Amino acid sequence: MTFPMRAVRGAFVALSVWVLSLVAPVAHAQDLLGQAEEAYMNVDFERTLDLARQAMATGRLSPDRLARVYELMGVAYAASGDEDASREAYKKMLALRPDAQVDTNLAPRLRSPFMEARGYWATRSDRLAADVVLSRPDRGLRVSIVDPLGMARRIVVRTRIAGEMTPLDEQTLPAESGVLAPVAGLPEADRIEYVVELQDEAGNRLVQLGTNDTPNVVGREPVVAGGGGGGTTREEGGGVPGWVWGLVGGVVVAAAVGTGLYLGLRTEPITLRSAVVFE
Amino acid sequence: MTSHWATIRRHATERATRACGHFRAIGLLGLAGLAGCGGETVSIELAFPSSDSFVRSANARLFVVDVGEDLGACPDLVMQSELGNLTGDVFQSEAVSVCDASVGRLTVPDVDEGLYAFVAAATNEAGQVLLTGCTIADPYVDDHPLQIVLAPTERYRTTYPVGTDPEVCSADDKCLRGCR
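Quick note, the sequences are listed as chains P and F, same order. Using my numbering, you'd call the opening residue of the first sequence number 10 and step up by one each time. Using my numbering, you'd call the opening residue of the second sequence number 22 and step up by one each time.
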């Protein structure tokens, strides 16, 4: 009776260590970010920058937290007079959170690189993004990415056949657009659960599609005996006839042209917004 | 205010806006309207004579006056703004802190085409006018950003005569930490 109890205790300890090994780096990254926030509140920009860099180096940050790190770095660089680095940090922040704003109480000198970064994105139509399409002929998921700033280093793809009680199968792919992630079970499987993470050099997540707890799903509805085939979702070469897409596209283009003509032909009033300079 | 802009709209009929002119001519590229022809925001810079004068100012206010073709309207308007009796066909902004003005919180919405005098006044905490400036421009035609060069008023010169010690607080300090 003694042996089994010892074995159970040992297993429990091993499990605890394993869980801690997963959680600890995340907690460490968040702690560093918290310390960076505190340094920022104390107007200690040098320490803010140092801690923000450390938090980034942990490689465990979510897109939102990573954006905040870039924001802190943007302010800290601006405060140290390195406007180029500040602008680059703000550009990356806006890549992650296009609607982000900075503290409105910041001095003009600290805000200026942010405004320049916003101007950079205002002139571009592409945004950091990832998209997944199921390709049955190629037996995998095709991942497309848009990465205007070249922030991504790898794509981590986790997949499993929907409904199977198995761990997600993970593979790491280069950060290239149109890369194929093979999925065992295709082309027969109806639906695939997936998690896609676009990661930077340190492993921070730039874009995340789905989570391990709630993965995204792609594929068709299972074929039920006696019923017709199900519809498709995000599949290459799916069952929707091409003319349908053509019709939809035509309607969308016509609506866009009509709206554009309306907006283009009317006189748009402008708004003046203040700024301050010193002579 | 509504009647003011209604009056001003009479200027809008003949001039095509520079920004959207090409698209209007081409017509079929109306999609470009979606991409930013509408609702353009133009920066109007308040040029303070020095960092000290910025620190010594508390609030700023902007007046927009339809001057028709009168290119020499500024001196009178500056005088009126200094005395606080600028009246007539005038848009008057709220008074906002100079720090807020520096980050774009002083706005003039929906300016139509035409020639306007843009008059700015910076006041101290007691509401006394320390700096004024004026420029005449058509925001649809003239180069951006528009700029209003502020100059010290008599009040400023008597309060801070030549030889007054410079402020310890910088503009950044003022807006970041509220040192004044």
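Incorrect hints may have been included.
[Claimed, not checked] Computed footprint of chain P on chain F, listed as stretches where at least three residues anywhere in the stretch have a Cβ under 8 angstroms from a Cβ of chain P: (1) 69-81; (2) 128-136; (3) 152-158.
No lab work stands behind these hints: they were computed from the structure. These numbers were taken from a predicted model, which means no experiment stands behind them. Here a beta-carbon is modelled for each residue, glycine too, at the ideal position from N, C-alpha and C.
Structure-based check of each hint:
1. 69-81: holds (count 6)
2. 128-136: holds (count 7)
3. 152-158: With 0 residues in contact (Cβ-Cβ under 8 angstroms with chain P), the coverage given for the segment 152-158 of chain F is violated.
The structure fails hint 3 only (numbered hints given earlier).
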